[in-house]
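4 protein chains.
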Amino acid sequence: MVFILERDVTDAQVDVFRKEFERQGFSTIYAPGTEHKAVCLLGNTSVIDMDQVVESHSYVSYGRRVTEQYKAAGRTVHPDDTVITVGSGENAVQIGGGTFTVISGPCSVETEAQICLVAESVKAAGAKILRGGAFKPRTSPYSFQGLGTDGLALLKTAKALTGLPLISEIMNQTQLSLFEDVDIVQIGARNMQNFDLLKAVGRMGKPVLLKRGLCNTLDELLMSAEYVMNSGCGSVILCERGIRTFETATRNTLDLAGVCVLKEKTHLPVLVDPSHAAGIRSLVAPLAKAALAVGADGVMIESHNDPANALCDGAQSLDLLQFSALMDELRVRVPIEGKRLQ
Amino acid sequence: MVFILERDVTDAQVDVFRKEFERQGFSTIYAPGTEHKAVCLLGNTSVIDMDQVVESHSYVSYGRRVTEQYKAAGRTVHPDDTVITVGSGENAVQIGGGTFTVISGPCSVETEAQICLVAESVKAAGAKILRGGAFKPRTSPYSFQGLGTDGLALLKTAKALTGLPLISEIMNQTQLSLFEDVDIVQIGARNMQNFDLLKAVGRMGKPVLLKRGLCNTLDELLMSAEYVMNSGCGSVILCERGIRTFETATRNTLDLAGVCVLKEKTHLPVLVDPSHAAGIRSLVAPLAKAALAVGADGVMIESHNDPANALCDGAQSLDLLQFSALMDELRVRVPIEGKRLQ
Amino acid sequence: MVFILERDVTDAQVDVFRKEFERQGFSTIYAPGTEHKAVCLLGNTSVIDMDQVVESHSYVSYGRRVTEQYKAAGRTVHPDDTVITVGSGENAVQIGGGTFTVISGPCSVETEAQICLVAESVKAAGAKILRGGAFKPRTSPYSFQGLGTDGLALLKTAKALTGLPLISEIMNQTQLSLFEDVDIVQIGARNMQNFDLLKAVGRMGKPVLLKRGLCNTLDELLMSAEYVMNSGCGSVILCERGIRTFETATRNTLDLAGVCVLKEKTHLPVLVDPSHAAGIRSLVAPLAKAALAVGADGVMIESHNDPANALCDGAQSLDLLQFSALMDELRVRVPIEGKRLQ
Amino acid sequence: MVFILERDVTDAQVDVFRKEFERQGFSTIYAPGTEHKAVCLLGNTSVIDMDQVVESHSYVSYGRRVTEQYKAAGRTVHPDDTVITVGSGENAVQIGGGTFTVISGPCSVETEAQICLVAESVKAAGAKILRGGAFKPRTSPYSFQGLGTDGLALLKTAKALTGLPLISEIMNQTQLSLFEDVDIVQIGARNMQNFDLLKAVGRMGKPVLLKRGLCNTLDELLMSAEYVMNSGCGSVILCERGIRTFETATRNTLDLAGVCVLKEKTHLPVLVDPSHAAGIRSLVAPLAKAALAVGADGVMIESHNDPANALCDGAQSLDLLQFSALMDELRVRVPIEGKRLQ
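Chains as they are written, first to last, in this note's numbering: chain A, 495 to 836; chain B, 495 to 836; chain C, 495 to 836; chain D, 495 to 836.
Keep in mind the hints are simulated off the structure, nothing from the lab. Treat the hints with caution; some may be incorrect.
[Stated by the list, open to error] Below 30 Å or equal to it, Euclidean Cα-Cα: the simulated DSSO-like pairs (lysine-lysine) are:
(1) C:Lys693 / B:Lys650
(2) A:Lys833 / B:Lys833
(3) D:Lys693 / A:Lys693
(4) B:Lys693 / C:Lys700
(5) B:Lys700 / C:Lys833
(6) D:Lys693 / C:Lys833
[What the hints assert, rightly or not] Looking from chain A toward chain B, a few residues come up when the C-beta cut is under 10 Å (computed):
(7) Thr522
(8) Val577
(9) Leu748
(10) Lys759
(11) Pro768
(12) Ala771
(13) Ala772
(14) Pro780
[Claimed, not checked] Pair ranges (Cβ atoms, derived):
(15) D:Gly726 / A:Glu606: 31 to 37 Å
(16) C:Ser671 / B:Phe638: 54 to 60 Å
(17) B:Glu514 / C:Ala654: 42 to 48 Å
(18) A:Leu536 / B:Leu815: 40 to 46 Å
Quantities reported herein were computed from a predicted structural model and do not represent experimental measurements. Just so it is clear, CB atoms sit at the ideal spot from N, CA and C, and this is done for glycine as well.
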């Protein structure tokens, strides 16, 4: 059962309201959305007289029974899109709510020269957020595992140079403090159901990008978002990056229909990562345009100054000219889809 | 090994050329493409002196060794796109070669009133080919199996009324003669590896639309096209319509990256059927636009005058207003992708 | 709605009974099972007073409402296992009903010497039915397609020599007459949803082995069996042979749990083909033993006198010594599972 | 490149040997197997004169070049099966090396009475290791998450009572110290590629059971085992528990052929968990017998004193009588497969 609160409700009122139900044995989720605020009750809510609750609390607009398993992530609670803002001043960028946001950068941070060159170049081309891996989950223990904390430091150098907000992947909850200066904390596909990590990152109070696991359904993705939101984070960004199927011509099978389904079910922004999905450079631009066409709120694109010599995932990285050409294509198409390019 | 022939080669010369090699024990495939004509040799071609063959035949431009398993369908033999024309006069429509072709109509032909109403309406909205099922492959023997020959007759009535060329699905090779007046013979997903049907339809000498099977790889789709082409048909249209995965939110998972891969590997036109892939009406238009974005040569869209009461697949059919709205969206976007709407 | 008939019901009575309901607009399925005979009504059966029907027909034992989609194949109609007998005299063999039947032979019939040698050898080792492909569905049109009618003739020679009943795969309904002397007609995985073929083979009146398609659910397999049964054939044998998944270490993924599920849902015999599922010789024997352990009614094993030089699927074929060793293993284990080796 | 050492090599010699190569820039893996000890070198080993190394070190038996990606887990390094012993005295149990080990217990520890009752009962029936979940990974944040540290305490109570060694699942590396008294640390399917957890658990120096992820290939499972081994743990047990496919009749699709493949590729013990794979109680016993038939080294079976009221996974849990009946079935069959029941 969810109660939608009046816009001018105060934090103190929300607190009183939640405690009233928690004393009765219900759990509560507070969902402070962009457009309205909601409190969701969990437990045997059949005993509650919903209308009576609305009438007796001046700051409650209305109530609704929720049947989906995802209470906080579903559109029943938040009919309106969640809009997430990262960065500030001239570097502020919106994700969701009619925008199309482009994130770019290398799979892996390699050197200061590399990350700064890529950052300046993708910024000039129109990217608004810089991605770069410092901790890399690799199938083999003998593969390059990322620069670690040194990589995070280099990302901050690139941010100081360009102003671009940062996104990077966290691999476990002992790394929380290292990600204080990262603007969006990414949870990778392999960790989508690492529930303890979801809870810990949810408590950080900063935007989280959650990638769909290779064998996870859309419903499971929403349940994992629910874990993050249930820990206090209202700013979750979902990311479709391909699922594992029998087809081997591409690295994974990008589920663009899934983006449509997610946009219907949830108010959270949904991005698409065509680079990891395809694993093939020539497919990245067409799939990015297709992501726009199906209603995604943005794309995350791997780019590199020298893909042939990248330490990781070079075969799927655009070079800087190719990335710039893709931005030109998006610049023409985004307004046609009724969106603003971020 | 493939030999590309001069444009002005005569049929008689081709015949002589093929017989020369068939006498030596090779099989030959004749691929009379739009841009050039080619003869492909199968067998132990390592014993052939390719340069000597080119020099000694005035009508041979050049030769090339082919390593892909699909000789006739691959771009090695036909670097240029195959363009297929169906219909004639003002109703002629091109598929492939820089066009974007829209096929529409009901899942199943139900009545004369229904098919004529839908045909006139989708024609007015901009569709160029009429689809309609007469023989319906259904999972259950107790489900509606289509009107059969009566359905084909009704389709012809609708063609007489509107001039729209027809496409309809054949289910087995005893039906070949029934499809004489059908402009494009469709082989459904479940029959993609019904090899005897592929051979039989390939001998009909008319365009064939071949749907990808639910569990078939792109390579297998190309090999099935090779069966059709090897029986003498140069006009094969491929159609991506979703594959079966673990995700149940949509009927199947549309593999739009697969369209990009196909366009790189083959010269044959590639269409997309978003209706069957999604199984959900609201996803059809976004996926059709995405199909355009990834480079498909057209879409096949289920439309119905009264989807709520359709005998088959109503949940995924657009009503006539929705189809018209989709055409308006495509009309804006097709030129941006550098194509002509058919 | 299904009516279970008394054991001594005559064909004439069955006929009268069915016509009575067909005149009222219902379709009927007649399921002449081993243990009892049943007539299933299809249509809006809610208007029928079931008890009244039982009371007013002396040859009707009882009635039951059926909720599964598979009426004839489900255990609601036939609680007891169907037992199918092929061959006669000393070569008679039972499939189902507490037996474990071993079918063996080469993927493809190649020469008289080969098929006769294999037939005699597998018979000596304990196989009761000879398999051999005459018409081979192959992914590539350039691969060996089988000996065709010559292959069928060689199979009959091997049968004349050994007495072993035959099973071979039919590929389309124009071949029906060629299979008159084949004891079990096999419908291959790729044709599992070739519904017109299912109907045509169902009308032949001889046992049918139906392989599960690579991407088909167990429910779809049962619905395809329903097509065959609905055409008059009560002797359908199901065969699990692996499904297509993301795993590439084996050719397909053998779904042995699916065998348990089938045995609960249907009264039809269920065999397992470990050869095609695995695609690797060393896995065939362990998987055959596992098939026994999960309750399969038998196995179909590819064997060859010279696997290294087989024209088809040599990598998964047992040589004759290996097959004999497997039979020795089964001979010990079949009684422990409470079955009789056939 | 791997060097197999003489049996009487000392730790000091191993240390000297590894340092010699580490100084030259190679990484080394030390694999102290049951039958022999090996040192594997990683890096550009083409510059090493293998024969010269063998000749110049008295404690080196021979060398071999390794082409698989999994150096420590592969049979190239360890031709013989690894045998892992847990527990001591009369409760000592072997895993691998010709034994068949049965682990049983409830999905989730619920109360002292429950875990003690189940432990005594499964011990009496013949189980040798007690399983019980204290930390439960659940798709929904609103589902029961396990008793946590209290659950671990109750497990220890049950061990004190019965002597059964314990296995329980760890969910993240902050829990390492809690698992000091757990005999086998389980890494769940969802964490199979939580690489930081693999490394941390590998450093604990106790046996690790690693479950295959729902969408992970056998090669990826072996690479994850390699992570654990590369952190110093030689005692890794693999566990097949079903993969995710399109089939929905069972919870997952148990890949028993995969067990055969693993036994060929790796020397590590391979167990099977039929309970989670099937998700249906009636399938557990047949699949356990099938696991034995394909060569698994044991099974992990969920059992519960009152499945209908279990807090977690009741539908797939055997009750105590059913578990006892399964043990009776295994007791007959294990010797036939040439193994000793543990």
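Going through the hints against the structure:
no. : hint                            : in the structure
1   : C:Lys693 / B:Lys650             : 28 Å, holds
2   : A:Lys833 / B:Lys833             : 23 Å, holds
3   : D:Lys693 / A:Lys693             : 22 Å, holds
4   : B:Lys693 / C:Lys700             : 28 Å, holds
5   : B:Lys700 / C:Lys833             : 55 Å, violated
6   : D:Lys693 / C:Lys833             : 48 Å, violated
7   : Thr522                          : 29 Å, violated
8   : Val577                          : 21 Å, violated
9   : Leu748                          : 5 Å, holds
10  : Lys759                          : 9 Å, holds
11  : Pro768                          : 8 Å, holds
12  : Ala771                          : 7 Å, holds
13  : Ala772                          : 5 Å, holds
14  : Pro780                          : 4 Å, holds
15  : D:Gly726 / A:Glu606: 31 to 37 Å : 34 Å, holds
16  : C:Ser671 / B:Phe638: 54 to 60 Å : 31 Å, violated
17  : B:Glu514 / C:Ala654: 42 to 48 Å : 45 Å, holds
18  : A:Leu536 / B:Leu815: 40 to 46 Å : 42 Å, holds
Comparing the model with each numbered hint stated earlier shows that hints 5, 6, 7, 8 and 16 do not hold.
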